[in-house]
Amino acid sequence: MSLKKAHVIGVEVDMVPLIDIISLLLMFLIMVGDMAKSASNVHMTLPRADMAINDTQYSKKLEGRIVVQLEKQKDSRYMAKVENAKFDLVEGGASKSLREYLERLVTKRQASMKVSEDSLGGFSIPVKLRIGEDAPMYEVERVMMALARARLTNVQYAAQKVERH
Amino acid sequence: MARKKIGTGEHHGGESGSAHGDRPWVFFMVDCFFLITQFFVLTFKFKTEESILPQHLPPGGTVRPTTAVPTNPKEPLRIHVSSGSSRGTAVYDVMNTKVTLADLSSKLAAIVSTSGPDRYTVRISYDTNAQWGDVMAVINACTKVKISECGFVPLHGVDAPGGGRV
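Respectively, the protein sequence lines represent chains A and B. Going by the working numbering, the residue at position 110 of the first sequence is 110; the numbering climbs one at a time, nothing skipped. Going by the working numbering, the residue at position 30 of the second sequence is 30; the numbering climbs one at a time, nothing skipped.
No lab work stands behind these hints: they were computed from the structure. Only a predicted model underlies this, so the values are computations on that prediction, with no experimental measurement involved. Heads up, the beta-carbon is just placed ideally off N, CA and C, and yes, glycines get one too. Where hints are given, some of them may not hold.
Label-pair ranges, simulated between beta-carbon atoms [stated by the list, open to error]:
{"id": "1", "chain 1": "A", "residue 1": "R65", "chain 2": "B", "residue 2": "G84", "range": "53 to 63 Å"}
{"id": "2", "chain 1": "A", "residue 1": "I9", "chain 2": "B", "residue 2": "F27", "range": "19 to 29 Å"}
{"id": "3", "chain 1": "B", "residue 1": "F27", "chain 2": "A", "residue 2": "V11", "range": "12 to 22 Å"}
{"id": "4", "chain 1": "B", "residue 1": "P24", "chain 2": "A", "residue 2": "D134", "range": "22 to 32 Å"}
{"id": "5", "chain 1": "B", "residue 1": "M95", "chain 2": "A", "residue 2": "L29", "range": "35 to 45 Å"}
{"id": "6", "chain 1": "A", "residue 1": "L29", "chain 2": "B", "residue 2": "R78", "range": "47 to 57 Å"}
{"id": "7", "chain 1": "B", "residue 1": "T37", "chain 2": "A", "residue 2": "K86", "range": "29 to 39 Å"}
{"id": "8", "chain 1": "B", "residue 1": "R23", "chain 2": "A", "residue 2": "H43", "range": "17 to 27 Å"}
{"id": "9", "chain 1": "A", "residue 1": "V42", "chain 2": "B", "residue 2": "K74", "range": "41 to 51 Å"}
Listed next, the in silico DSSO-like pairs over lysine-lysine satisfying Cα-Cα at most 27 Å (straight line) [claimed, not checked]:
{"id": "10", "chain 1": "B", "residue 1": "K98", "chain 2": "A", "residue 2": "K60"}
{"id": "11", "chain 1": "B", "residue 1": "K74", "chain 2": "A", "residue 2": "K128"}
{"id": "12", "chain 1": "A", "residue 1": "K61", "chain 2": "A", "residue 2": "K81"}
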């Protein structure tokens, strides 16, 4: 029996699919990054308002804006969400923890943005309130009171823009 | 000697030593592409534009202002929101006149037409179970007639859960 000489095959690597996959992954990562950014928004049905404007139409500064969201829990309770911190609105009475957190944020903004008090003691730091249209007012009021006590008067209510009829 | 691509399927049997048998490499790329596309299709959501309704709360609110109040305070315009059986059926009491949401803007426009919108500050009160959407409609109507200050009259007494403590 004679031994055959091993047949050597020349290897050619096609780069096209590699580039395809890499560009798909890149696109994926970019999109996921964008989704992660908007994922901090609590999903809710916002109230409709025909006078609502978008951020670009708003002429005043939005720098340092604080976003306060009222999030409905599975047990129908509501919790306030500021940045990534959640606050029970009843715990401790008078939403103390939320108020204290907001006051800390105001202090930080004062230091970094040189925010000063207006003539009546309020701060011009913008606060965006994201509250679902079906939220009961007794819960909304707790958030409002916390804002008032932190002397945040420049509020922006998040809304769905509807066209005028 | 002619060079051959790996995985083209030519002369490859199932046990040929190739990791993917006799399936061409392009199958796997197409599989990947379909999986990624499937992911995007399943997770796709229309982006709804979120707008804002800017307002300036009356300074101080229920908290005493740290400095002196203005010498010519604005005239308070009181509006009470009574909760309806469902969203959009709330009744609005504007200076002791009950109106629906459809008539609210015209009522406010009539009030501010005499002395201008800057003369007024709106104080919104509401039933305990009134919904934010119904109350927000008042702020929207105020914006429409160019009243820049809208504040809330807090619930007091036993009506509010927790005995009115907020």
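Hints and how they fare:
1. A:R65 <-> B:G84: 53 to 63 Å: Roughly 33 Å apart at Cβ, these two residues miss the hinted range, so it is violated.
2. A:I9 <-> B:F27: 19 to 29 Å: Given a distance of about 21 Å, which is inside 19 to 29 Å, the answer is holds.
3. B:F27 <-> A:V11: 12 to 22 Å: Taking Cβ atoms as reference, F27 of chain B and V11 of chain A lie about 20 Å apart, which means the hint holds.
4. B:P24 <-> A:D134: 22 to 32 Å: violated, 55 Å
5. B:M95 <-> A:L29: 35 to 45 Å: violated, 58 Å
6. A:L29 <-> B:R78: 47 to 57 Å: holds, 54 Å
7. B:T37 <-> A:K86: 29 to 39 Å: holds, 36 Å
8. B:R23 <-> A:H43: 17 to 27 Å: violated, 42 Å
9. A:V42 <-> B:K74: 41 to 51 Å: Given about 34 Å between the Cβ atoms, the range is violated.
10. B:K98 <-> A:K60: With Cα atoms ~36 Å apart, K98 of chain B and K60 of chain A exceed 27 Å; violated.
11. B:K74 <-> A:K128: Within the cut-off at roughly 25 Å; holds.
12. A:K61 <-> A:K81: holds, 23 Å
Comparing the model with each numbered hint stated earlier shows that hints 1, 4, 5, 8, 9 and 10 do not hold.
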